[in-house]
Amino acid sequence: MTVSETPTLPELDQTGWQPVCALRHLAPERGAAALLGGHQVALFRLVDDRVLAVDQHDPFSDAFVISRGIVGSRWVDDVEVPTVASPMYKQVFDLTTGRCLDTVGKVPVRDLPADLRSFPVRVVEGVVEVDVPVAP
Amino acid sequence: MNSRHLVVVGGGMVAQRLVEALRDRDTAGAWRITVLAEEPRRPYDRVALTSYFSGRKPEELELGDPALWDDPLVTLVRDDAVTAVDRATRTVTAASGRTYVYDHLVLATGSYAWVPPTEGADLPGVFVYRTVDDVAALRGYVEKLQQDLVRPVRGAVLGGGLLGLEAAGALHALGAQATVLQVGSHLMDTQLDLGGGEALRRLINTIGVGVRVNAMTVKIRPHRRGGVGRLDLADGGRVDADVVVVAAGVRPRDELARAAGLEVGPRGGVVVDDTCVSSDRDVSAVGEVACIQGACIGLVAPGYAMAEVTADRLLGGAAEFPGADTATKLKLAGVDVASFGDAFGRTEGALELVWADPVAGVYKKLVMSDDARTLLGGVLVGDASAYASLRPMLGRELPGDPAAFLLPEGGGGGLPDLELPDDAGVCSCNNVSAGTIRGAVTEHGCTDVGAVKACTKAGTSCGSCLPLVKKLVTTELSKQGITVSNALCEHFALSRAQLYDAVRISGVRSFTEVVERFGTRAEGRGCDICKPAVASILATTAPAHVLEGERAALQDTNDHVMANLQKDGSYSVVPRIPGGEVTPEGLIAIGEVAKDFGLYTKITGGQRIDLFGARIDQLPVIWQRLVDAGFESGHAYGKSLRTVKSCVGSTWCRFGVQDSVALAVLLELRYRGLRSPHKLKMGVSGCARECAEARGKDVGVIATDKGWNVYVGGNGGFTPKHAVLLAEDLSTEDLIRTIDRFLLYYIRTADRLQRTAPWLEDLEGGVDALRGVVIDDTLGIAADLDAQMAQHVDTYEDEWRATLEDPEKLRRFASFVNAPATPDPSLAYVPERGQARPATADERDAALRGEPVLVAGTTLEVRA
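Sequence lines, in order, name chains D and F. Going by the UniProt record's numbering, the first residue of the first sequence is number 1, and it counts up by one from there. Going by the UniProt record's numbering, the first residue of the second sequence is number 1, and it counts up by one from there.
Do not take every clue at face value.
[As the list claims (entries may be wrong)] Only pairs whose alpha carbons sit at most 20 Å apart, straight line, appear in this in silico SDA-like list of lysine to any residue:
| id | chain 1 | residue 1 | chain 2 | residue 2 |
| --- | --- | --- | --- | --- |
| 1 | F | Lys331 | F | Leu753 |
| 2 | D | Lys90 | F | Asp134 |
| 3 | D | Lys90 | F | Lys219 |
| 4 | F | Lys567 | D | Gly105 |
| 5 | F | Lys144 | F | Asp134 |
| 6 | F | Lys567 | D | Phe60 |
| 7 | D | Lys106 | F | Lys567 |
| 8 | F | Lys219 | F | Gly120 |
| 9 | F | Lys567 | D | Pro108 |
| 10 | F | Lys479 | D | Trp75 |
| 11 | D | Lys90 | F | Thr778 |
| 12 | F | Lys679 | D | Gly105 |
| 13 | F | Lys567 | D | Asp49 |
| 14 | F | Lys567 | D | Val109 |
| 15 | F | Lys479 | D | Val76 |
| 16 | D | Lys90 | F | Leu753 |
| 17 | F | Lys567 | D | Val104 |
| 18 | F | Lys331 | F | Ser385 |
FYI, nobody ran anything at the bench for these hints, they're computed from the structure.
Between the sequences and the hints, there should be enough to build the whole structure, so can you do that?
Here is the structure:
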């Protein structure tokens, strides 16, 4: 049994945009994890086909699970902000900035920052590219 | 101090209100009041007269605080009808011969029931329906007949208006067969349009009251034994009747006013101006006897308004009658009916929005302005819960889709949120505005509906506005941080139960449609609260695979990958083992899967096996093996049926009286995959020893010698609760039907993440009401629930098998979108008691420092 067709692992070019996958391989309003130079990134495709990227690591559970959260939106300062809720303890993060909007009364493990990092994403001719800094 | 003397003729509801209002405001004691009542009792609630049949005593119908009549400034004279008014000497004379000199006189004599001049209308057994005495006489007559006759007593009611239906309900409650004869084309034709009248007729029929329309009675014939026997209709038809109630309308009791030379209207009634003063400045008239703005009004709310105006004027105020609010809401023989504003759509360009569900017995119509924005009126039959919210919005723009107000409600009560303007009237009986109610909370410190009622009188008369009062109070309180609303989340103002009905009735199938129709913002994309709730609702209203189309985006990760997320980001897998019955081959297959994938294995409390430590990318491979071995999804990840636990039952057990395992297997296979507000657990015990601990389950079945007892609403967990008995000694077929209905009624009406125990606790009427719904079909929804369960059983498929057959769905299980075959490098395990467990943070750090800690990925070399 095969899980799915296998895109080739991208050439690591850690100083610039890295192609990750075809846009059509991302399900709308769901996340997908990507492995970029040893770093785990969570990619999210929104209903309007915008793609956003934040850390896959969840600072509240110490597990790499953010891509498996529920994508939604929240009304913040008169703007509809796209969000993801961690599947583990349901903290809500702003997908555009990675900012933690709701800690659900918990604190991150090992004094980690509550916010996720966000990464620039662009779609070039149907291919999703992420600008990841040199190995974190 | 020298008080002036107010004499009130009549001791009805409006008189009571006048005295109450005057004593409330006249703190200086400017007026002393004498009330002259013809009836031998204190003012009572004539609107609730019918409740006299359901066991209430006349005293319980009394209005207001009885202390009012102990007030030294108030004198109530009962059982003494006024016979004359002499305006020249400002004196009234009563039947007893006593006279009273007034400074101001108020006529509150009300009306009398009009009896058409039909031949035979004076026969014994012909009644009217106006006073407690009328009702008592009717009851006595019917009860006497019931002793004399072997067959049921047949009653006929002449008139299909409000009062006629009240009377028919009363006859029905007395155990008589009741038939309503309506002269017009449909019931309640003053308030309802034809569609509403027809819906009402069907509902009245279903409770056993007959209705004939276009039925004009021309003659009432006597029976041989005396009393009435038969009615002859104008169309030649005949109706047998042992008792007849005439409810053909009321006429104002203006005889005193006529004799005193006061101006009366062309159709009767004391003509008064907007201050309720008659053609004599010293005489006012209020209530049904007053002809105000050209008409007498037979409703209590306008009468109360007149009482308030008069009280105000007596104290030098400038109040004027605001115009009659003829909006009506009532419960007739258990059927909700409401009519308000322009119910017939007579406004030019008016648009009518109609929702009619003859099966559920609901007819709702909103009359909107030509741009479909402003509410002009409406008719609600069968479900009038929207009335309290809608009536104050008359003449105002409704927010959002007006159709939302027509959709039926779940158990909860409440409607799309309306921010009522402060000046909008909420309680028309007592003329209380939204602002006054808000003020009671914000300024007078009221913290619950009871306090607000006491403070403002809102909802203390007919009570129909109480849902709205409650909502306003809740809203104000929550603004102060005191309570929470039952809205699902920021994306939906509806509760889960309301959203369920909205989705079910509207037939929408996707989240986008649900948000657009029922969400707070069309551009909102939901959250981790509402999305799984909508997914769960759609699962039973429009069944489809959990990963079908847009639905995949609604699922929590557990439902999305059909496994249970564990603390390190790996998942656990639970194949279904119906009833806990498993073959040795099945056990070996599970064991081999666990062994090959290095999964930690544990027996669950639900008599099955949980396999821990599976990576997301391993799930399809693991499940291919399990499906090949004949297993299917156990839905351990879903808010859905988990397991049906059973004892071994009569097959092996020396004490068992029924085959509990066979029943458990049957139930588990029937309800597998049924999505619900929370997880569902069941149990079946083969005898009263209860080894399956069935009473700790949402549904527990215990065998008896005669069949099955079924208990509902139990759970373990944080607040353990024993299930309560729902029905006894059921056959298997009846048992299944009962459980079917119970489950779906719960699924339709429970709040999000509310298990059956708290749901049952909140359910109005408790287990008795539940029994009514699922066994006696009191809501008339049983057939609908049965059909919905049949659909579930028919459309069930193993969602894991379906997933394995669909490459698109399998793509979701990649560990990394750009490296689907690479395992998550962060997962690490250590051995413990012969199996793997997630490594702790310290153990990982130690391994990174090169210390001798045995840490491995999930491929578990530790086992080798």
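Results of checking the hints against the structure:
no., hint, verdict
1, Lys331(F) - Leu753(F), "violated, 33 Å"
2, Lys90(D) - Asp134(F), "violated, 65 Å"
3, Lys90(D) - Lys219(F), "violated, 75 Å"
4, Lys567(F) - Gly105(D), "holds, 18 Å"
5, Lys144(F) - Asp134(F), "holds, 15 Å"
6, Lys567(F) - Phe60(D), "holds, 11 Å"
7, Lys106(D) - Lys567(F), "holds, 15 Å"
8, Lys219(F) - Gly120(F), "holds, 6 Å"
9, Lys567(F) - Pro108(D), "holds, 14 Å"
10, Lys479(F) - Trp75(D), "holds, 18 Å"
11, Lys90(D) - Thr778(F), "violated, 41 Å"
12, Lys679(F) - Gly105(D), "violated, 25 Å"
13, Lys567(F) - Asp49(D), "violated, 31 Å"
14, Lys567(F) - Val109(D), "holds, 13 Å"
15, Lys479(F) - Val76(D), "holds, 19 Å"
16, Lys90(D) - Leu753(F), "holds, 15 Å"
17, Lys567(F) - Val104(D), "holds, 17 Å"
18, Lys331(F) - Ser385(F), "holds, 11 Å"
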